[in-house]
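> Chains as they are written, first to last, in my numbering: chain A, 142 to 300; chain B, 452 to 591.
You may find that some hints are simply not true.
Claimed, not checked - Reference listing, derived: stretches of chain B covered by chain A, where coverage requires no fewer than 3 residues with Cβ under 8 Å from a Cβ of chain A:
1. 478-484
2. 544-557
3. 564-573
To be clear, the hints were calculated from the coordinates, so they are not data collected in a lab.
Note that this is a predicted model, so its numbers are computed, not measured.
Even glycine gets a Cβ: it sits at the ideal position worked out from N, Cα and C.
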Amino acid sequence: MTADAVTIQSQPTMRLESRQGRQNQDYFLRADTQGVGVIKLPPEWTWQVEPIKKVLGTLLLPENWDSYGGRTPKSQAAETAIQIIASITQADPPRPRVVPLGTGGIQLEWKKGQRELEVECRPDGSVEVLKIEGDAEGELCSACLPADVVRLVAWLMAA
Amino acid sequence: MSEELPPDVDDPSIPDEEFLYRRIPLQPADNIQPTEVEGECRPSSGNFRSDGPLSVDRSSLTTPGQTRDRGRPGIFHVAQVQAKVARQCGCRLVKDPMLDNPAHILMFGNHDSGAGALNGKQAKVVARAARIVLWSGPPL
Numbered sequence: 142m143t144a145d146a147v148t149i150q151s152q153p154t155m156r157l158e159s160r161q162g163r164q165n166q167d168y169f170l171r172a173d174t175q176g177v178g179v180i181k182l183p184p185e186w187t188w189q190v191e192p193i194k195k196v197l198g199t200l201l202l203p204e205n206w207d208s209y210g211g212r213t214p215k216s217q218a219a220e221t222a223i224q225i226i227a228s229i230t231q232a233d234p235p236r237p238r239v240v241p242l243g244t245g246g247i248q249l250e251w252k253k254g255q256r257e258l259e260v261e262c263r264p265d266g267s268v269e270v271l272k273i274e275g276d277a278e279g280e281l282c283s284a285c286l287p288a289d290v291v292r293l294v295a296w297l298m299a300a
Numbered sequence: 452m453s454e455e456l457p458p459d460v461d462d463p464s465i466p467d468e469e470f471l472y473r474r475i476p477l478q479p480a481d482n483i484q485p486t487e488v489e490g491e492c493r494p495s496s497g498n499f500r501s502d503g504p505l506s507v508d509r510s511s512l513t514t515p516g517q518t519r520d521r522g523r524p525g526i527f528h529v530a531q532v533q534a535k536v537a538r539q540c541g542c543r544l545v546k547d548p549m550l551d552n553p554a555h556i557l558m559f560g561n562h563d564s565g566a567g568a569l570n571g572k573q574a575k576v577v578a579r580a581a582r583i584v585l586w587s588g589p590p591l
């Protein structure tokens with residue numbers, strides 16, 4: 142699917158726009174008092190649309206959404222998650238699962254064969270990755286950059 | 452969770468064989484995922500991430516339905532995992548009975564913050580072993 146604009150009826154309070162005139166992909170979230178609910182996406186995005194919609198959807202969760210005092214995911218976490226998804230340029234990678242965290246973060250999860258990646262986008266926008274192969278405990282990588290995650294997705298896809 | 456946390460010391464009177472229940476929100480749907488067994492689901496590890504120790508209920512003092520219904524107003528599945536799984540990955544189980552929930556337990560983990568939350572590895576181990584035992588959504 143190719144899309145340059147996606148209307149999300151159930152998400153009337155947010156808007157994602159690309160900033161024009163910049164070399165790097167750069168996106169931001171902002172409150173939309175008009176309730177327009179339009180997400181403008183670069184036309185080259187295809188599979189990215191659905192997971193990004195899921196990321197944005199987590200921002201609408203109420204406080205205590207999990208009944209254990211879970212916090213609504215923070216916009217910094219969403220921005221990081223979107224940046225990571227947008228940075229993956231493979232044509233048809235495995236789709237990430239998008240899981241809100243009670244900490245106010247957002248987790249992206251990939252699995253292919255025996256390889257798994259769990260990418261925690263923290264409320265402050267920082268990233269921690271758990272890289273797993275088979276039944277092993279996995280390897281934690283704190284303070285990862287989105288570019289590191291893209292490399293790890295390539296590792297995942299080589300499975 | 453109680454206002455004041457109990458000491459972070461594992462309580463051996465909670466048997467290894469005891470099941471621990473946790474509510475899993477139906478939405479977003481990515482909160483759960485299928486296992487390799489047809490018709491069987493497990494929670495994502497994200498359901499075991501928190502700012503502090505994780506709240507769970509003891510199966511010897513409650514039922515999955517009671518655990519689910521403490522979560523109102525919301526709709527939840529219930530996942531279970533055995534106490535020994537949590538201990539094997541370094542978590543401590545501490546009784547923390549509440550007025551409306553005598554089955555309440557806190558699971559302390561080793562997150563770098565020192566606040567008692569599970570770290571990513573611990574959450575993953577627990578999630579892999581957990582299974583949805585009370586399904587509240589439409590049939591799979």
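> With reference to the structure, classify each hint as holding or not holding.
Going down the list of hints, with the structure as the test:
1. Using a Cβ-Cβ cut-off of 8 Å, 4 residues of the stretch 478-484 of chain B lie near chain A, which meets the minimum of three, so the contact claim holds.
2. Residue count for the stretch 544-557 of chain B with a Cβ under 8 Å from a Cβ of chain A: 0. That is fewer than the three needed, and the coverage hint is violated.
3. Evaluation of the coverage hint for the stretch 564-573 of chain B: fulfilled, as 4 residues show C-beta separations to chain A shorter than 8 Å, against a requirement of three.
Violated hint: 2 only; the structure is consistent with all others.
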